[in-house]
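Enquirer: Each chain is listed here by its residues.
Number of protein chains: 2
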Amino acid sequence: MSLDSLHLPGPEVPGRRQRRREETAQRILSSAVRLFEKNGYTPTTVEQITEAADVAKGTFFNYFPSKEHLLLNVFALVRLEFERLEKEAPTATDVRAHLRGFARNFLASPSRTNIVRNVIGLAVTEPLIGEAFQTTLLKARAAVSRVFERGQKLGQVRTDISALLLARTFQQFILGTEIVYSVSGGNDLQQWLDTMFEIFWSGAAPAKTGARSASVGKPKRSTKKKVKH
Amino acid sequence: MSLDSLHLPGPEVPGRRQRRREETAQRILSSAVRLFEKNGYTPTTVEQITEAADVAKGTFFNYFPSKEHLLLNVFALVRLEFERLEKEAPTATDVRAHLRGFARNFLASPSRTNIVRNVIGLAVTEPLIGEAFQTTLLKARAAVSRVFERGQKLGQVRTDISALLLARTFQQFILGTEIVYSVSGGNDLQQWLDTMFEIFWSGAAPAKTGARSASVGKPKRSTKKKVKH
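Heads up: the sequence lines are chains A and B, in that order.
The first sequence lines up with residues 17 to 245 when you count with the numbering used here.
The second sequence lines up with residues 17 to 245 when you count with the numbering used here.
Hints listed in this document are in silico derivations from the structure and should not be mistaken for laboratory results.
Among the hints, a few may not be true.
Chain copies aren't distinguished; within one or between two, either way the pair holds.
[Stated by the list, open to error] In silico SDA-like cross-links for lysine to any residue, where the CA-CA straight-line distance does not exceed 20 Å: (1) Lys54 with Pro143; (2) Lys155 with Asp176; (3) Lys155 with Pro222; (4) Lys155 with Val199; (5) Lys73 with Glu165; (6) Lys155 with Gly202; (7) Lys155 with Ser200; (8) Lys103 with Gly146; (9) Lys169 with Gln150; (10) Lys155 with Ala72; (11) Lys155 with Asp210; (12) Lys169 with Leu123; (13) Lys83 with Arg37; (14) Lys155 with Ser198; (15) Lys83 with Glu39.
Start from the sequences and build out the full structure, keeping to the hints where you can.
Expert: Take a look at the structure:
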């Protein structure tokens, strides 16, 4: 994952010094993300982050004016993941599997919901974070929309609802799943997502082929197996 | 709406005094809900609530130990709405219309999202509110589950996913819609809900009849009209 889009303060320095700078920023970010995942954003302190990253506390502030700014950089990294999704969209052959795979990776660690949970809480109370959240939602929506466009082109997705609206609804479903899941204290997020995906895709499939048989490369009704957990 | 399930402190007093007590509690609650809707839960002060309810500030604490407890009573009122939904479920004839009507009333005022937005933020940070939120989610899920059971009985809802799991997923979709809608600052929640409903119900319809034609009393494909906003 590149740090190109991160907003590191300070003058541009070439070569080794710049590389080292990026390595340090990356180390701070990774340590922070691990701590956010483990303990949540709010309780994590800058001291804990710098200790985990093995840098002096003052060093942190050479890279990020505050913990909040660090979170903004986490958002930037998330947007990079969606940029990749957007680039891959035009060559997808099975959009359901493609998006399911992306979501599986994106929410791979159960602890990642710890961040999402925190961020949603903060997004509705902290304007700066709310803004970054909204920017990221829009970026993600645009990327997912490309996948649905591809699906419409391939006849795998209904065309009576625009790709952008399908993408927004998909986003609502993902975030709602995250919320209810976090409050419920479950430990089977992938199963929750499977159920959510099954209902969403049945609803997003083209009507004429029968909602449950729109997946490419799968036998008809293959997704109709009992879902119970 | 009855206050029977509210947890008012103090000894039981019969007759007129008890009636007056309930009236005052109801007035405080209504004023609080209106203020929460208008300005959000967090910025609203007890002073503003008592002023709007036209009672002395001290009176508030005869009824509710804190603003947080008042919010817990709002949750109790919400659970009463779901109790009604649960009671009506066995006689519903068109479950899609029934649930859509309930959601339309439940989220009738656009400002009600102000409360939901606040409550979700608080539910992930304040344990007491998180607990009440989870209790209410479970109650709502049980009620909605009865509606889906009815729908399964009538052949309007797919039976390969349990009614309870459908209800949980429905809940995820509603809450996710609320979140993305609040962050987006839209003013057309009912349209957002319409789109969400359309995709959800297409996905929840029985496969054999074709996903878009399961609504009772409507011509086939009637729900396939262009959804764009």
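Enquirer: Please go over all the hints and tell whether each is borne out by the structure.
Expert: For each hint, the structure was consulted:
1. Lys54 with Pro143: between (25 Å within a copy, 18 Å between copies)
2. Lys155 with Asp176: neither (23 Å within a copy, 35 Å between copies)
3. Lys155 with Pro222: Neither: 26 Å inside a chain and 34 Å across chains, both beyond 20 Å.
4. Lys155 with Val199: between (26 Å within a copy, 14 Å between copies)
5. Lys73 with Glu165: This pair counts as neither: shortest intra-copy Cα distance 47 Å, inter-copy 58 Å.
6. Lys155 with Gly202: This pair counts as between: shortest inter-copy Cα distance 17 Å, intra-copy 29 Å.
7. Lys155 with Ser200: between (28 Å within a copy, 13 Å between copies)
8. Lys103 with Gly146: For Lys103 and Gly146, the Cα distance exceeds 20 Å both inside one copy (26 Å) and across copies (39 Å).
9. Lys169 with Gln150: For Lys169 and Gln150, neither the intra-copy (28 Å) nor the inter-copy (41 Å) Cα distance is at most 20 Å.
10. Lys155 with Ala72: Neither: 34 Å inside a chain and 50 Å across chains, both beyond 20 Å.
11. Lys155 with Asp210: Neither. Shortest intra-copy (24 Å) and inter-copy (24 Å) distances fail the 20 Å Cα cut-off.
12. Lys169 with Leu123: neither (27 Å within a copy, 36 Å between copies)
13. Lys83 with Arg37: within (18 Å within a copy, 48 Å between copies)
14. Lys155 with Ser198: between (24 Å within a copy, 17 Å between copies)
15. Lys83 with Glu39: This pair counts as within: shortest intra-copy Cα distance 18 Å, inter-copy 48 Å.
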